[in-house]
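Student: Just so you know, the sequences run in chain order A and B.
Position one of the first sequence corresponds to residue 1 (my numbering), numbered consecutively onward.
Position one of the second sequence corresponds to residue 1 (my numbering), numbered consecutively onward.
None of these hints come from the bench; they were simulated from the model.
Check each hint, because a few of them may be wrong.
The list treats identical chains as one, so a pair stands whether inside a single copy or across any two.
Restricting the straight-line Cα-Cα distance to at most 27 angstroms, the calculated cross-link-like pairs of lysine-lysine (BS3-like) are [to be verified]:
1) LYS37 <-> LYS19
2) LYS399 <-> LYS37
3) LYS238 <-> LYS161
4) LYS63 <-> LYS210
5) LYS421 <-> LYS153
6) LYS233 <-> LYS381
7) LYS233 <-> LYS201
8) LYS161 <-> LYS185
9) LYS19 <-> LYS424
10) LYS233 <-> LYS19
Number of protein chains: 2
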Amino acid sequence: MSIQIPRGTQDILPGEVEKWQYVEEVAKSLCHNYQYKEIRTPIFEASELFTRGVGDTTDIVQKEMYMFEDQGGRSLALRPEGTASVVRSFVGNKMFGYPNQPTKLFYSGPMFRYERPQAGRYRQFVQFGVEALGSEDPAIDAEVISLAMGIYKELGLTQLKLVINSLGDADSRNAHREALINHFKPSIDEFCGDCQNRLEKNPLRILDCKKDRDHELMGTAPSILDYLNDESKNYFEKVQTHLSDMDVEFVVDPTLVRGLDYYNHTAFEIMSEAEGFGAITTLCGGGRYNGLVQMIGGPETPGIGFAFSIERLLSALEAEGIELPIEHGVECFIVSLGKEAKDYSVKLLHTLRAAGISSEKDYLDRKVKGQFKAADRYDAKYVAVIGDNELQENKINLKNMSTGEQEEISLDHFVEKMKNKLGK
Amino acid sequence: MSIQIPRGTQDILPGEVEKWQYVEEVAKSLCHNYQYKEIRTPIFEASELFTRGVGDTTDIVQKEMYMFEDQGGRSLALRPEGTASVVRSFVGNKMFGYPNQPTKLFYSGPMFRYERPQAGRYRQFVQFGVEALGSEDPAIDAEVISLAMGIYKELGLTQLKLVINSLGDADSRNAHREALINHFKPSIDEFCGDCQNRLEKNPLRILDCKKDRDHELMGTAPSILDYLNDESKNYFEKVQTHLSDMDVEFVVDPTLVRGLDYYNHTAFEIMSEAEGFGAITTLCGGGRYNGLVQMIGGPETPGIGFAFSIERLLSALEAEGIELPIEHGVECFIVSLGKEAKDYSVKLLHTLRAAGISSEKDYLDRKVKGQFKAADRYDAKYVAVIGDNELQENKINLKNMSTGEQEEISLDHFVEKMKNKLGK
């Protein structure tokens, strides 16, 4: 009996994996231009990291986390997101003391959430994200946003909507919080139980509620933008000026919120507006979290970052009908006739590969016709044919599959000539 | 209070991560030349996959596996190795029916074993491996071995020892098994409890025992090579001929065994002989497993593969004193003086990066001297200096940090000129 892949997970197979490689390569290369360096943190962490760093009232932590005990009795969790781990590493490795500040990091890897599997939503998914820790310059906010947009644009996406908002500093948030409580309190009985709990604890999250989103008080709720103090207002304006200077188009949406206490100032989301992309249009979310490093046990350090799922990015590319420029095909396929030529082809193949030429041959004792068919399937640029006769005469027959040109080449110069032909 | 990284795991930080990137890039690029394509399987699998595919009598499965139940009550395990997952995917996705055979795959990713942490041994480690499924041509055995050696050589390792052996086909193994039982049975009381259990179940694994390795019967145990039937002998000889044709040096060691029933024919290990590499010298292990696909529920399909840990590979590079050719440094660092120039530098930075030039500026309001120091720390190739005056005159001052040359460039042509200078 065969064994099934775990529910809600997927294999990424050849034919599909090349898209992942391409997308990740573009993201990494842009991160290099922006001077974000890779960090790799473990797949699991102490569960406490996420209850503190993601928030113990969130669905992610309460309902969706894969938790387990190791044999030493430690409570561990498969990471449901990347920021908490990066901040844990920043604190634990005392990166705040490194001479180069801000600390600019990116990560790419699997994350885990126990959700109901559905189209485009997996229990293991891949997140790519960046974090910039140690600077409160609005230019860093604009940089982080422009990097996310830059990755999408580099990949050819055009139907994007960038939405930004400011949550202000602590004072602004507190003023807004009071206003929200006053706004909702008189009619809170008309809201769901979750919202009733949120009222005093975290009224901002009422605005995120899916059950009550059509309640008339939602549309008239006080806007954070009306409660920003001067400093917060200036900060937000500066971010917008930088974005405009960079020709990054955006829309301000005061309803875009982040529910946790350590978020502040800039919040943003990038949505796909491609037709047929589906109900969940958010590709990327990010924002400033000046309180998080302290929450994880480090010194007061400002921070900002974003994360996006590669799965969703690939869906957006598909929705826009974008073909990534992926190279298929092998550079040289060797067809052999006869026993000695077959043995020789193993050696020749090895020499080609060692010279940096992607090469293949038959390993199933196919007849010549079958070998030529295989060469077609491998989409070979060149097919080299060698028989026992050619071998004795120290030569090989080479066919350029795009032009149909054929030539005989001395075996002594074959690899050299192939390198020239392929510009290596 | 700060939160610790889980015991036995590590963060891979900038400064170190570049080595990982380089090593993986070399391995992937060689896999491309050899036409092995990437496959990505989930981090966890049904526990049963590993009890079947790795063996329920192995330490890996009995003692070292991270097992847990998900919220649906499924028994899952963090993968302790890569082959079982790849074979599960090969079977589940019916890859045996694909037109291109053999199916040649590589993987790279974290694996998990609950072991006592020690120098160079982690509970989460990264394995790189390949599997070739669907061919029994000895040329594939030689190809797989030469690929492993090729990766190490490409990275500059020279102090390597390749050891190969044959376990023969089922008939040869059975004959050898009988001989082993007869050899050990009379004195089995002198061996450890594990070995006594192994005698009838799997006598080959007695040869692997660490406790009893000095027992005199170990050295005189019957060699598998004396029990190979003609077919197995011819197979092994052909593998050796191909390796010699490829100039891959090797040593035959008849004590190199693999304990599980589905292993057969070729087995190999690559060891580092570098001084100071430590007690565990094995870098890479591999072999043929013609019975495994059936064991996992697929059709009878021959297979062969190898796996190595990136951690250990990096240790070997260090032991041989090999410096990987890693590029550090940013291409352009912008120093700004004055408020307007500072704002302008944000925009200019964005243009440089969008043009493919890695660039950085200060985000901490450092004074000019501090900005120059930062440029030094970022190892900048060029430093561009712009003040409010220069900005008004629409020009920028550029310094080549290796030659000391300075020039004034019109801002209108700056990005173009930078691209030329950097050959982009």
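Student: Run every hint past the structure and note whether it holds.
Tutor: So, going through the hints one by one against the coordinates:
In this homomeric assembly, LYS37 and LYS19 come within 27 angstroms of each other (Cα to Cα) both inside a single copy, at 22 angstroms, and across copies, at 13 angstroms. Taking identical chains as interchangeable, the C-alpha atoms of LYS399 and LYS37 lie at most 27 angstroms apart only when they sit on different chains, with a minimum of 25 angstroms there against 45 angstroms within one chain. For the identical chains of this complex, LYS238 and LYS161 are intra-copy neighbours only, at 20 angstroms inside a copy versus 61 angstroms across copies, given an alpha-carbon limit of 27 angstroms. For the identical chains of this complex, LYS63 and LYS210 are intra-copy neighbours only, at 17 angstroms inside a copy versus 45 angstroms across copies, given an alpha-carbon limit of 27 angstroms.
Taking identical chains as interchangeable, the C-alpha atoms of LYS421 and LYS153 lie at most 27 angstroms apart only when they sit on different chains, with a minimum of 26 angstroms there against 34 angstroms within one chain. Taking the closest pair of Cα atoms, LYS233 and LYS381 never come within 27 angstroms of each other, the shortest separation being 60 angstroms inside a single copy and 38 angstroms across copies. Only within a single protomer do LYS233 and LYS201 lie at most 27 angstroms apart by alpha-carbon distance; the minimum there is 25 angstroms, versus 75 angstroms between protomers. In the homo-oligomer, the alpha carbons of LYS161 and LYS185 never lie at most 27 angstroms apart, since the shortest distance is 34 angstroms inside one protomer and 75 angstroms across protomers.
For the identical chains of this complex, LYS19 and LYS424 are neighbours both inside a copy (25 angstroms) and across copies (25 angstroms), given an alpha-carbon limit of 27 angstroms. For the identical chains of this complex, LYS233 and LYS19 are neighbours neither inside a copy (41 angstroms) nor across copies (44 angstroms), given an alpha-carbon limit of 27 angstroms.
Of the numbered hints given earlier, the model fails hints 6, 8, 10; all others are met.
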